[in-house]
Amino acid sequence: MSANIQEYIDRLNKLDFKKMYNGSFFKTWEKTDDELHAVFTVADALRNLRENNISTRIFDSGLGISIFRDNSTRTRFSFASACNMLGLAVQDMDEKKSQIAHGETVRETANMISFMADVIGIRDDMYIGKGLKYMHDVDDAVTEGYKDGILEQRPTLVDLQDDVDHPTQLMADTLHCIHEFGGVENLKGKKIAMSWAYSPSYGKPLSVPQGAIGLFTRLGCEVVLAHPEGYEVMPEVEEIAKKQAEAYGGSFRKTNNMAEAFKDADIVYPKSWAPFAAMEKRTDLYGKGDFDGIDALEKELLAQNAEHKDWCCTEELMKTTKDGKALYLHCLPADINDVSCEQGEVEASVFDRYRDSLYKEASYKPYIIAAMIFLAKCKDPQAVLKALADNGKERHFMK
Amino acid sequence: MSANIQEYIDRLNKLDFKKMYNGSFFKTWEKTDDELHAVFTVADALRNLRENNISTRIFDSGLGISIFRDNSTRTRFSFASACNMLGLAVQDMDEKKSQIAHGETVRETANMISFMADVIGIRDDMYIGKGLKYMHDVDDAVTEGYKDGILEQRPTLVDLQDDVDHPTQLMADTLHCIHEFGGVENLKGKKIAMSWAYSPSYGKPLSVPQGAIGLFTRLGCEVVLAHPEGYEVMPEVEEIAKKQAEAYGGSFRKTNNMAEAFKDADIVYPKSWAPFAAMEKRTDLYGKGDFDGIDALEKELLAQNAEHKDWCCTEELMKTTKDGKALYLHCLPADINDVSCEQGEVEASVFDRYRDSLYKEASYKPYIIAAMIFLAKCKDPQAVLKALADNGKERHFMK
Amino acid sequence: MSANIQEYIDRLNKLDFKKMYNGSFFKTWEKTDDELHAVFTVADALRNLRENNISTRIFDSGLGISIFRDNSTRTRFSFASACNMLGLAVQDMDEKKSQIAHGETVRETANMISFMADVIGIRDDMYIGKGLKYMHDVDDAVTEGYKDGILEQRPTLVDLQDDVDHPTQLMADTLHCIHEFGGVENLKGKKIAMSWAYSPSYGKPLSVPQGAIGLFTRLGCEVVLAHPEGYEVMPEVEEIAKKQAEAYGGSFRKTNNMAEAFKDADIVYPKSWAPFAAMEKRTDLYGKGDFDGIDALEKELLAQNAEHKDWCCTEELMKTTKDGKALYLHCLPADINDVSCEQGEVEASVFDRYRDSLYKEASYKPYIIAAMIFLAKCKDPQAVLKALADNGKERHFMK
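Protein chains in written order, with this note's numbering: chain U, 43 to 441; chain F, 43 to 441; chain E, 43 to 441.
No lab work stands behind these hints, which were simulated from the structure alone. Hints are supplied without guarantee of correctness; some may be wrong.
List time: in silico BS3-like cross-link candidates among lysine-lysine, alpha-carbon distance up to 27 Å [said to hold, decoys possible]:
| id | chain 1 | residue 1 | chain 2 | residue 2 |
| --- | --- | --- | --- | --- |
| 1 | E | Lys402 | F | Lys138 |
| 2 | F | Lys441 | U | Lys428 |
| 3 | U | Lys138 | E | Lys138 |
| 4 | F | Lys435 | E | Lys435 |
| 5 | U | Lys323 | U | Lys175 |
| 6 | U | Lys61 | F | Lys441 |
| 7 | F | Lys435 | U | Lys428 |
| 8 | E | Lys61 | E | Lys285 |
| 9 | F | Lys138 | E | Lys172 |
| 10 | U | Lys351 | U | Lys364 |
| 11 | U | Lys172 | U | Lys138 |
| 12 | U | Lys402 | E | Lys189 |
| 13 | F | Lys367 | U | Lys189 |
| 14 | F | Lys435 | E | Lys441 |
| 15 | E | Lys402 | E | Lys361 |
| 16 | F | Lys441 | U | Lys56 |
| 17 | F | Lys305 | F | Lys284 |
Cβ-to-Cβ under 7 Å is the rule here; a few derived chain U residues that face chain E [said to hold, decoys possible]:
| id | residue |
| --- | --- |
| 18 | Glu93 |
| 19 | Arg99 |
| 20 | Arg116 |
| 21 | Asn126 |
| 22 | Met127 |
| 23 | Asp398 |
| 24 | Lys402 |
| 25 | Pro408 |
| 26 | Arg437 |
| 27 | His438 |
| 28 | Phe439 |
| 29 | Met440 |
Glycine included, every Cβ here is placed at the ideal spot set by N, Cα and C.
If we strip away everything but chain U, and leave its shape as in the complex, we get (with noise of 0.2 Å):
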């Protein structure tokens, strides 16, 4: 067994993670600080036994369902990765091909999916109020039907974005910072800047940005959130975020001034979204059909935008930061000046300049999704990784 697993072992031993057991992952403010590290763990981990070419199988046959009610490609191929990682092939819920009456109920199509199902990865955040409710009644619907004796099994649902936490982003991202900086205990203190930027495109979820000040005030960092007036995010967001920071003891404050976000900053988070209360307005109008009104508004929030041209990681802003060394953080894709479009959140130089650390950056998802879903299906976590690294039966034979 490789020294390194048992380091990994070593640390779940002093952590507290029973409930996840045959549980669910939705926000990660519904987490103890316990369950967050052993995700972080776990996903470590399981990079380290396959990085050795060995097995991360858990799952003999299984299968694990995806349901994307927007496009993808990232989380898609994340998601696949994660299951097939653990040895369960991916079925599309593609809901154009799928024979969903009209009225049908949720409770009805998740238990009529889930008979062989050990994961249900869903992804829906277009609508604010929306897509969160609707995992949650997926996963009422498939637990009811387990304990109905429906199910053989109840289905882990992971939440791949929702309309108020993106809960694998940044778990990723913060995996990620956790390993630039050479420890989660070297992010205590730090400052981070998620700052709004502009982009010609319209609606960007306000997920990234909430999930940002909802998991790095949990890690004890100067939280600042900068955006232009009106574009504000969830006041419960906010209200979780200033709690937090006072348990945590680090700080949440917001400004609308990019500057001041970014200066000493050691971490920046430039992006764009829409305001939440457009957000809401546009979930009013797209309930009552009305798509003129959705196209009015589509028209009022780029023009708000276009007003904000400014607000753009340049290089000359990078240099004010924590010795104009931050890290640069980005869920992908992000709209370069010159590059996807004429102006838009960040200098193609500064995004040049980070674009391994981003690519590194993304390649934690799928290990955060395989750590949610493996703490949820074992009930021994580190046992079982101790016994696929005994096994050490190799992923690609006679690499």
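Chain U is already provided as a structure; the job is to place chains F and E on it using the hints.
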């Protein structure tokens, strides 16, 4: 080895199902009694293994190909589950993504996709006289391809619903009844009402009512087919039902009175379908490309439907069944009053009371499909079941 | 261990294909003779194992990613079969379901989908000068990603058809010829007619005729490229064919006379393609977004095509080939007279006579693709083949 598995093996030892090896599964009335019982027995055995966390994989690699010529959720996931359980990866033959040349023969396509295919599952139920023919064309093509040395193995065809029968559905329905009534022998003499019911939609397939009268008459049931005048099913299937009723000591009769059918029934299956004659007409119109004609037909049928809104599975009707407690069956999704439509096939309170039962009914389908494949792929199914149980490989490692 | 496997290993021991390890497979003329022969040998070895029900899986888990920028059945299933045979799950990168940002770099997408990817298969043959470039961009991106530590493994790129060559097709065609003629050495001196043939459709790719003259001239064949005036292929590929013909002791010549090409031919490959010059023009129009121009070009080309309806593989022509029995090749689907069209590439009776042979020809493609992957993924392919044979794990358990 679990004692249970031996019980299934003992049962199989009494049955003759040799001809299923390397065969395909189309209409149930083409199969012998022993063959049907073998499917039920293997389905239960596979479920027993899986519930005991024992791997049911009989393939290390191999493909299960799905061809769905209509939208589908339940069947798609049932087929994917069955394949996965046996170790096959599903590859969907999506005709929209395919480069099927104008005039390309079914024979050619069937061979081209089957070089590594162990199973082909097809659902094609839209046009009377088309679906089953297409499946047989595919089956013949790969059988010939195998004989001619083009294919290394003969892919087993599983009929996932055709225009005449819906064997996987009715076999699953029946297995559910077997478990609910405590054994197939207890179904003898039971009254089953296969009844038309009103739905605001148009053109639901005939394969369920036809499959029902074609299978339940095999079990010695008192089968009543109820529908309004004009909603006749295919005469040749009625003929089969009549002959079987005689041969198996049950009965088959028809009525235009739903209440009469429900009276003292042990099992009720109220469900909408389109008139056979109208479906034939639609197939003709479709063949001529007469889409205006199809629209006109649709309007006509919806108007005809609307005259029979009183054909609904109400609480009142349910009270008239055996002890007021008939087993309510449905292939799902059902048209539920005030849930999926204003007025439909069933009252919400009836549906709700049977919800768990209905979901369990559906849960048999993956096992029925897997059993059909298993019996076609194993020369000595008893030996393979014993070996799986003896090996005891965990499906979910260290669960 | 089966004696057959040792025979393949002995053959491999005489070849030098070290550079294939961790490489990709693009045009055949970029590969050495030994490398091509290694592919043929491994393809046969894998087929031998599979036919003897021995697992050919070299992966316990892992992904094969497919990118089809055009509709596809044969290639899609061939790639899926090859991946499955080796133990990889296929994840389709469906650009319609993807969230590829406007202007997003190929480099970024390639890395984002490749964290767990062992193989990427791409088909991109629509626009001259585009497909191969795109594949190389993807290959370069993941090679760099691997070097930079972003990817844990370097995904092997398999060119499933580009705008210049169609390596998996021609390698499969050639392996078929090798078996039909009893050994690659017997292809030396054989006359092969790669001939244009009439099709009522427009814009068929040049990659097949180009791939053919680029590969058969390597085998010492007497290669004749026949087409009507105006249907020239890319001059640089003709150059390669000429040079290779000289180097390998065969010949390469062109004619505008189909009968001359067929006369005494041992192998005939009659197939429609579009003129290179016209395809270049189409690429330009496409680049400018000039869809009216594309429509006009299409009309022009169809009119030009219609002048050459006499270019058909008739019984009469077949009689003039060697003993009237030339081996007829086609990549399928063919345009068959009175079957798929009124007048096309081949008479129905000719096609029918060669049907089994054509399907066998196609059956080599999954093995060719698997062999390309195998050679890129195994440091010591001989040892892995021996180990697979020695382990003798059943593909189909207790078949």
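Results of checking the hints against the structure:
1. A distance of roughly 26 Å separates the Cα atoms of Lys402/E and Lys138/F; the hinted pair therefore holds under the 27 Å criterion.
2. Taking the CA atoms of Lys441/F and Lys428/U, the gap is about 14 Å. The hint holds against a cut of 27 Å.
3. Only pairs whose Cα atoms come within 27 Å are accepted, and Lys138/U paired with Lys138/E is accepted, the gap being roughly 13 Å.
4. Straight-line distance between C-alpha atoms of Lys435/F and Lys435/E comes to about 15 Å, which keeps the hinted pair within the 27 Å bound.
5. Between the alpha carbons of Lys323/U and Lys175/U the distance comes to roughly 18 Å, so the proposed pair stays at or under 27 Å and holds.
6. At roughly 16 Å between alpha-carbon atoms, Lys61/U and Lys441/F fall within 27 Å of each other, so this suggested pair holds.
7. A distance of roughly 18 Å separates the Cα atoms of Lys435/F and Lys428/U; the hinted pair therefore holds under the 27 Å criterion.
8. For the hint linking Lys61/E to Lys285/E, the alpha-carbon distance of about 24 Å falls within 27 Å, and the restraint holds.
9. With a CA separation close to 24 Å, the supplied pair Lys138/F and Lys172/E stays within the 27 Å bound.
10. Simply put, Lys351/U and Lys364/U have alpha-carbon atoms about 24 Å apart, close enough for the 27 Å limit, and the pair holds.
11. In summary, the hint linking Lys172/U to Lys138/U is supported, as the alpha carbons are separated by about 19 Å, within the 27 Å threshold.
12. A threshold of 27 Å between alpha carbons decides the hint, and for Lys402/U with Lys189/E the separation of about 13 Å falls inside it, so the pair holds.
13. A hinted pair counts as satisfied when its Cα atoms are at most 27 Å apart, and Lys367/F with Lys189/U qualifies at roughly 24 Å.
14. A hinted pair counts as satisfied when its Cα atoms are at most 27 Å apart, and Lys435/F with Lys441/E qualifies at roughly 18 Å.
15. The hinted pair formed by Lys402/E and Lys361/E meets the criterion: a straight-line CA distance of about 23 Å does not exceed 27 Å.
16. A hinted pair counts as satisfied when its Cα atoms are at most 27 Å apart, and Lys441/F with Lys56/U qualifies at roughly 22 Å.
17. At roughly 21 Å between alpha-carbon atoms, Lys305/F and Lys284/F fall within 27 Å of each other, so this suggested pair holds.
18. Because the beta carbon of Glu93/U sits about 6 Å from the nearest beta carbon in chain E, less than 7 Å, this interface hint is met.
19. Given hint, Arg99/U at the interface with chain E, holds; its Cβ is 6 Å from that chain's nearest Cβ, closer than 7 Å.
20. The beta carbon of Arg116/U is positioned within 7 Å of a beta carbon in chain E (closest approach about 5 Å), and the interface hint is therefore held.
21. Residue-level restraint check for Asn126/U holds (minimum Cβ-Cβ distance to chain E is 5 Å; threshold 7 Å).
22. Contact between Met127/U and chain E, as hinted, is supported at the beta carbon level, the nearest pair being about 6 Å apart and thus within 7 Å.
23. Interface hint status for Asp398/U: upheld, as the beta-carbon distance to the closest one in chain E is roughly 5 Å, under 7 Å.
24. For the restraint placing Lys402/U at the interface with chain E, the shortest Cβ-Cβ distance is roughly 6 Å, inside the 7 Å limit, so the hint holds.
25. Taking 7 Å as the C-beta contact cut-off toward chain E, the hint placing Pro408/U at the interface holds, the least distance being around 5 Å.
26. The beta carbon of Arg437/U is positioned within 7 Å of a beta carbon in chain E (closest approach about 5 Å), and the interface hint is therefore held.
27. For His438/U, the suggested interface contact is upheld, since its CB lies about 6 Å from the closest CB of chain E, less than 7 Å.
28. Given hint, Phe439/U at the interface with chain E, holds; its Cβ is 4 Å from that chain's nearest Cβ, closer than 7 Å.
29. Annotation: Met440/U was flagged as interfacial toward chain E, and the flag holds, the nearest CB pair being 5 Å apart, inside 7 Å.
Against the hints set out earlier in the document, no violation occurs for any number.
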